[in-house]
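Using the sequences plus the hints, can you model the full thing?
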Amino acid sequence: ANICFAFQDLETEFWVASHKAIVETLTEMGHSVIERNATEDVNRQLEQVRDCVAQGVDGIILIPQDGESAVTIVKEATSNDVPIVVFNRPPANNDNGVIVVADNAAIAETAAGFVLEQAIAAAPSDAKLHAVVIVGDLGDTNAIQRKKGFEAAVAKFPERFDVTEVASDWDAATALANLEAAVTAKPKIDAMFTSSDFLFPTIRSVLEPRGMWKKSGEEGHIPLAGLDGDATACKLIKEGYVDATGVQDLYFEAEASVNAIVKAIEAGETDPNEVIADPGFALTTANLAEREMDMWGCKLLAEGFLDN
Amino acid sequence: MSSSPVPRRELKDKAVDLLLSDQFVLYLSIFYVLLLAPFLPMLVTPANLVNVLSNMWPLLIVAIGQTFVLAIGGIDLSQGAAIALTSVLGAVLITGAADPATFANTPIWGWLLTDAGGPLAGVDHGVVLAIAAMLVAAVVIGLINGMAVAMFAMPAFIVTLVAMMIFSAFALWLTQSGNVANLPDDFIRLGRGDIVSVYFGAKEEAKIARRAIYSLVTYPMVIAMCVALAAHMLLNRTVFGSQVLAIGMNRKAAEISGVRVRRIIIAVFVLSAVCAMIGGLLFAARLEAGRPTLGGGSFLLDVIGAAVIGGTSLFGGKAKVIWTFFGVMFYVIMASSLSAMNLSAFQIDMVKGGIILCAALLDVLRTRLKRERVR
Amino acid sequence: MTDLLSLQGLSKSWFGIPANRDVSFSVREASVLGIIGQNGAGKSTLMNMIGGVVKPTSGHMLWRGLPYEPAGAADATRIGIAFIHQELNLFTNLSVAENLYIDGFPRRMGLIDWKRINERSRQVLSRLSLDFDPSVEVGRLSPGERQLVEIARALHNEASLLIFDEPTTSLTPRETERLFATIENLKSQGCTIIYISHILSDVQRLCDDIVVLRDGELVSKGTITEFPIPLMIRSMIGRDMGGMFPPRSNQPQGATVLEARGLTQPGVIEDVDLTVHEGEILGLFGLMGAGRSELARVLFGLDKCAKGTISLKGRPLEGPVRAHIEAGMAFVTENRREEGLMMDASVAENLTLASLAAFGRGPFALIDRDRVAERTERMREELNIKASDIHSQPAKALSGGNQQKVVIGKWQLRDPDLFILDEPTRGVDVGAKYEIYSLIDQIAARGGGIMMISSELEELMGMADRIVVMNRGEIKGQVLRQDFDRERILALAFGEIAE
Amino acid sequence: MKRLVGFTLSHSTAVFFVLILLWFGVQAPQFLQPESLANIIKQSSFIGIAALGMTVVLITGGIDLSVGSVMFLAPLIAGMAMRSFGLPVEAGFVVAMVVGAGLGGLNAFFIVVLRVVPFIVTLASLFVFRGFGTWLTSSTQFDFPERMRTFGLSNVLGIPTPILVFAVTAVAIHIMLRHTGAGRQIYAFGNDREAARKAGLAVELIEARAYIISSVCAAISGFVMISQIGRLDVGFGQGREFDVIAAAVLGGASLFGGVGTALGAVAGATLIQTAKLGLVFTGVNLYMQPIILGTVIFAAMVADGIRGRRLRDKLARTIRPLGSS
Ligand SMILES: Nc1ncnc2c1ncn2[C@@H]1O[C@H](COP(=O)(O)OP(=O)(O)OP(=O)(O)O)[C@@H](O)[C@H]1O
Ligand SMILES: Nc1ncnc2c1ncn2[C@@H]1O[C@H](COP(=O)(O)OP(=O)(O)OP(=O)(O)O)[C@@H](O)[C@H]1O
Ligand SMILES: [Mg+2]
Ligand SMILES: [Mg+2]
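Protein chains in written order, with our numbering: chain A, 2 to 309; chain B, 8 to 382; chain C, 21 to 519; chain D, 12 to 336.
Simulated from the structure, these hints should not be mistaken for lab results.
Predicted model only: the values in this text are computed from it and were never measured.
All residues carry an ideal CB built from backbone N, CA and C; glycine is no exception.
Incorrect hints may have been included.
What the hints assert, rightly or not - Calculated cross-link-like contacts (lysine-lysine; reagent style DSS-like; alpha-carbon spacing at most 30 Å):
#1 C:406 x B:327
#2 B:21 x C:416
#3 A:149 x A:129
#4 A:216 x A:129
#5 C:241 x C:207
#6 A:216 x A:236
#7 C:75 x B:19
#8 B:259 x C:324
#9 A:215 x A:300
#10 A:264 x A:300
#11 B:325 x C:416
#12 A:239 x A:300
#13 A:215 x A:149
#14 C:416 x C:75
#15 B:325 x C:406
#16 C:416 x B:327
#17 C:75 x B:325
#18 C:416 x B:259
#19 B:19 x C:416
#20 C:75 x B:21
#21 A:187 x A:129
#22 B:259 x C:327
#23 B:325 x B:21
#24 C:333 x B:259
#25 A:236 x A:189
#26 B:259 x C:406
Claimed, not checked - Residues from chain C shown here face chain D by an in silico Cβ test under 10 Å; the list is partial:
#27 98
#28 103
#29 105
#30 113
#31 125
Here it is in structure tokens:
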């Protein structure tokens, strides 16, 4: 079949890995794939999906920019009788299409909760603790979801944490500058959460010269958590620098999406409707042993992804 | 000068004529499509052409506003932010419902926005009132830009860059990054409503598939054509337009000749913001949500790029709405063809840059011919 | 004597229209060659070809008997040609010294040797008796001063051929004298000079040989003794001219058009009283820097003034330029390139700029194109503007004199009551000057008042009913037509006497 | 009192700068500590170095939109070379500069030889350069050898390397612009291209040089930034052209050519970074940060406008001595 794969960008490892997984699986199954990169522009994405529809594709896999645009685009497809699967980011309502989702906020909450607990455990019972959160681009739903997840985790320990929010705009250089300033302003840090794993090298560059980049168990280690579950995070968790990362099961999601679309096309169904949830989990120093290979980043790592 | 046979000479003259005319970019677009059509047959399918056109209208309206600013030798980087802010504002006013989970933390929760939606939800002519409010907001943005440029003699680039930062941040802050959906149908129809639709195919088909029906005339098309026509008259046929171009060519001379330079500069920035708002209205309507991130990313480069490819000069004094029209057309056709080429996502940018360069090179050739042309 | 440079059948066309056709002549070493011709005759184009700025369409040149084909201005400089362009070619954002050395700075250890440059610049400037600091930015100099800097730039190169394309348009008599002395001096040192000017008396005084161009062709050449001024004029314009100035067709009538009282702006002008009557041509004379242009700008509302009142036809005037224009004022500035014309716009667009509103029709002020075509065409005929097509030819492709006419025409379309003309005939040929004078006379005859600023005393004495003389921002006195006396006016201008 | 007002007005930009420092300093005293100030300068170097090059292009009356992509592509190729040939970081640095020069040369070729407007050329190369880089990496991140970070985080004589590179670039551009013939000719070119040609200057060379300088600066800026992180993400440098132009324009360069200084670019970049980091220091709400930052930049431009006007008034020509009437 002829399948249109419309995604919102390819700028982080997670999206690149998803992209690869989906395109490769489809091609292996003998389908032809039309790729459309919206480069984070919803309008362009809508245009691209319309374009796909106009080309007469048999089905669409969509990675939307956010929930609201997803609703519109799904409607665009279904009203033109093209089956559609939404990958990873849930539409604001689940009335149409096959929806494969992970709950960013919940995963973030688990991962952040893990390091906050560690911080609490290490400190005297009444001490006020300082947590730093690196926030993504405020125009990006994922960033907002992750920020919310972190806030929910903090809310579980009322009155215990002072939070410093650091803007990154999903940009390493910005994150470096801002984090460096934040650390200078308030050098005592008890826990840190980054909204995306891709910022770990940046965090390291800030902490290392200040002697704050320590392995778990060493004096001065800052409990550190992220989200995505990429290869670097896996490596750092194994080395002990990082304590937790929120993981979405990328391979599960990709496979579910591909299967759903193929099934719909084969059945001639134009408006399949189903929600497939990826529960996700947090890979932590605690569950590393048993769950390592559930994390896509660790699989990549094992394949030698970082040895280039 | 040479003694070449007469008919050949005429042919060459015709070719040169073609190259030098105002419609050059139109011919370029047609030539481009014809060149690619054998390799990418889907490019010329009615479905695709309709799609290309539908992508063109909102961009065209925004680019027209930009053309006016370019005509006075300015630049308006805040158009994207104006789109974001006005779309959020309009949507907040008319939305039918808002999710507390998303909006409870916003500064407007409780007084402007509640779970029952905005103040104009369900009100008679609520959409019209909301659009009026958006218009007012756009005028205010334009006034701020224009006054800073005209009164404080600040460079337009920095003024509008700052305006872009502030207004888009303001839009994000208003909704705390939330997109405002649940808009009334009257509003959404503006973005996709068909006025005339056509169907090419067998008549006896019992049920016509939705995708076999092509929207030929849509609301966005009508709105954009009206704006374009009005703008064309305004810029290239009225006293106001001549004064705009005069300012772009030589501000001092215009001032000494009694042109109300400041007032016109302000008017031009207002015009630009209003055009942005109308374009944004169409974007918001077809996305069915007001979005604080609308018009972000490389949108502005598309807008300015389209205007400049059309032939409008960044240094002012040389601008035509019709040029922008064709420039935008070329731009959307290019985008569509890039999709059709089915390049890998990793190559698309390179090809895009290459096409822009080729178009510009043809333009250079054309200018050179113009200069050397024996009349 | 040998020929330094000879031109052989040089031609140049712009857009297929010939600016020079088959021009051949030679320049003798250590002589001054005058080139004269009407505006647009092709003088500057010819010089641009010699200076390597423009490539000939056909023909060739010999330099000291050898073929000379400059690829750019740098080639001309290298073999020893210095060129003072008609339109100033200075960089207003750089200092005087930098302008002098821009094509080759003396260096020390790879970096510019500022000390040496400033010293040498000062020397070059002092040759022209200029005493300003070479580190001052050119943008802050008056047009006259800029012209002198341009001349200094040519002098410092020690060139063997100097081309002066209308060098005195912004100079005062005193500076002109100084320039002439410099030219004589250069000649005696063996330099060769080509001198272009519309001031024929200067040409006669200075030059050894004459070349006359008309419509791009060489019409006659010879030694200066063969060319008395009337013959020059006849060769240039192809007919005789009765006199330099048209007869004044009216006497000023009583009513006051412009009245200024006690205009004062600290540091600029001081307690200026001025009146212009209907039908009167008021000449405003002064030396460069006397503040005439400043006064004009104040009158026109372009610059503020701290004290004083201006009224037009009895109505007090305040506010921006626009109010002044609407009340009936017009202002032809001395800097047509920066303040007068839109260089890239067509002649017609320039002509209509000041009266655009009048061409608006209907509620949206749509431009009435037929009327524009008709009025501009009439104006072109009235002013005899030489342009191939006023709707497509840009102003920058006109000769200097014709550009000036366009600026005047722009205001003429408004039919103003008071015309302020700042150096209106700068760079204009005798024929066109006569036309501009006639135009001024007609405006006056129709009852308009005219204030004419000029550095050419002859022209003021020929045209004005009354001459007011300024010195250092003050009015030093006025002389009525019947009392016109060159010595007295100059004395007033130099501030040697006052009334 | 009057003198104070006069001083404030004629140095309004500098005064404004000090006020910003004080304002944040009062709220968060650590902001004024040497470590923090050094950090500001270090973080300014990224945009600052590129703004120095951009200033040169702006002086010619052109524009370079491709800097963001050069920041990405030049270090990438340098990194690949470092990894394939085991080059030391210093050699990688040189490779980045050479690549930068090449990319700038490409821009210059289209602008100078083929005479396409700079805006379009650099808009196209913005896409082409980034596209090429994305293609090289298949859109994944690129990890530099560990020695890269050692370089980026090192100090020379107690001065962090990024600051040192920033300073050297600034001095080099300053001397080039201010004290060499080539530099003064760039100003002349930007003031009046036609006059420059008539004066016999090699206008093509002057213009080409500007684009090469700009790209080299962008390459340096990207390389130095990346050397601090050790990893190059695909989105690196995207959209930075606006930051860079803003810094240059805030520093006094005009998009219409003819004006601008190296010092101005440094000041512009530093001012913006100071405000940015001040907001982080004082813990301002993330949503408010861009709003305040925009306001600060706007105020700085107004202050600069006032200074300009004062300067003009002061230098205004007097025909008669003041006060003598
Ligand atoms: N750059 C140009 N493009 C097109 N036409 C030009 C250009 N420069 C000059 N011309 C035309 O060439 C002709 C000769 O112009 P030129 O400047 O040589 O006259 P001129 O004798 O110097 O006149 P003036 O005394 O007014 O300076 C004119 O008709 C003018 O319109
Ligand atoms: N140092 C300077 N700084 C700024 N502007 C100057 C300077 N010198 C001269 N000008 C400008 O040059 C123009 C000529 O002024 P000036 O007072 O010399 O006029 P003028 O008396 O009419 O003399 P002329 O017209 O012969 O030059 C004015 O517009 C003036 O503003
Ligand atoms: Mg001439
Ligand atoms: Mg004057």
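Pair hint outcome, residue 215 of chain A versus residue 300 of chain A [Cα-Cα no greater than 30 Å]: holds, 25 Å
Residue 19 of chain B paired with residue 416 of chain C [C-alpha distance capped at 30 Å]: holds, 29 Å
Restraint status (C-alpha distance of residue 241 of chain C to residue 207 of chain C at most 30 Å): Satisfied, since the Cα-Cα distance of roughly 20 Å is no more than 30 Å.
Pair hint outcome, residue 75 of chain C versus residue 19 of chain B [Cα-Cα no greater than 30 Å]: holds, 26 Å
Given pair status - residue 406 of chain C, residue 259 of chain B, alpha carbons within 30 Å: At roughly 25 Å apart (the allowed maximum being 30 Å), residue 406 of chain C and residue 259 of chain B satisfy the hint.
Interface hint status, residue 98 of chain C versus chain D (Cβ within 10 Å): Constraint on residue 98 of chain C satisfied, holds at 8 Å.
Pair hint residue 239 of chain A and residue 300 of chain A, alpha-carbon separation not exceeding 30 Å: holds, 13 Å
Pair hint residue 75 of chain C and residue 21 of chain B, alpha-carbon separation not exceeding 30 Å: holds, 28 Å
Pairwise hint evaluation, residue 406 of chain C against residue 325 of chain B, where the allowed Cα distance is 30 Å at most: It holds: about 25 Å lies between the C-alpha atoms, which stays within 30 Å.
Interface hint status, residue 105 of chain C versus chain D (Cβ within 10 Å): Result: holds, 6 Å to nearest chain D Cβ.
Proposed proximity, residue 259 of chain B with residue 416 of chain C (alpha carbon, max 30 Å): holds, 16 Å
Hinted pair residue 236 of chain A and residue 189 of chain A, Cα distance within 30 Å: Holds: residue 236 of chain A and residue 189 of chain A sit about 26 Å apart, inside 30 Å.
This entry satisfies every hint, going by the numbered hints stated previously.
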